[in-house]
Amino acid sequence: MNHCLSTDAILTIGDALGWDVQDGLRHLQTCEECRAQLEVLRLARDGFVETEPIDAAVLGRIATAVSAAARSEQQRARAGERWTHSIEAVLAGISALIILVSSGIQVDDIGTAAVAFALGATLMAGSNFFARSVAGMAQETARA
Amino acid sequence: MDFDLDRLHSGDEALFAELVNTYSPRLLPQLRRYAGSDVDAHDLLQDVWLRVYNKRAGFDGRGSFFGWLLSVSRTVGMTAVRKRVHHPPTVDLPEIAAHQRDPDARFIRDRLRDAVLALPERQRDVVILRLVDGMSTAETARLLQCAEGTVKAALHQATRKLRENLQGTLR
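If you read the sequences in order, they're chains E and R.
Using the numbering used here, you'd call the opening residue of the first sequence number 1 and step up by one each time.
Using the numbering used here, you'd call the opening residue of the second sequence number 1 and step up by one each time.
Just so you know, not all the hints are guaranteed correct.
Unchecked claim - Partner residues aside, some chain E positions facing chain R, computed with beta carbon under 8 Å:
1) G24
2) R26
3) L41
4) V66
5) A70
Said to hold, decoys possible - Footprint (simulated), chain E over chain R, 3 or more residues, beta carbon under 8 Å:
6) 117-126
7) 138-152
The set of hints was computed from the structure by calculation and includes no laboratory data.
Ideal Cβ placement from N, Cα and C applies to all residues, glycine included.
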């Protein structure tokens, strides 16, 4: 069995000991304090580098669970977005009505009110769509 | 393992699949002590990854990703232990015995793991990055955005605390 160190390990030790390798190693052999420190660090490292093989089926199950979590997060986000857009459109419709009334235009029948409301809501939905398209194009450009 | 933080934050499924494959073999031994059986340990591993996915915004890239995974594992493990106190499971004794062949070594290892995870964040990150991830002092300082002297001091303080913690256990 070959116990020789790799060149990389030798280089690391030399560099770590400031190239006073003899002194450094002699000190480690004679100083109980440094040996105890080294032992604690070794044990701590052992505790974290330990690995255990895992069945591909288990890894697959975990990947599926993460995908399901991702999908449900996307669905929640889309539902939240839809709600936000609906509320924005309703508020825009109401704002349109308020603007008409406050600028002295008579809104005395349900037809006019509905048209004003629809115009406000459509305007808001349109500008949302436009903003999303511009943001999407900017992202595509940045990616390219 | 290097990865794009934006991909992590956006919940990129391909990246998560890669992370699951890379880190799970290292996480499973950490979860053993919170689990009553092999099946429990695998369930805990799945819980860890689901929590990692849900809390991914909490990792800001300024420390060790594995260190962050360990903290999440610990939280998930402790929650499982607390739950088990209220609902004791049917324990598969032979399975547990297989993982506790050397109880002394396992005891010391578990105690040190706990001690490392209980260190202040900076010290814990330094220990994991230097000792486990194998980074140099300069690389660690760059990642943690601090001076190399700070890394050396943190490692020294951490080692002292770990030794204190093991006083009487190690000869």
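Hints numbered earlier in the text: which of these fail when held up against the supplied structure?
Of the numbered hints given earlier, those the structure breaks are 1, 2, 6, 7, listed in rising order.
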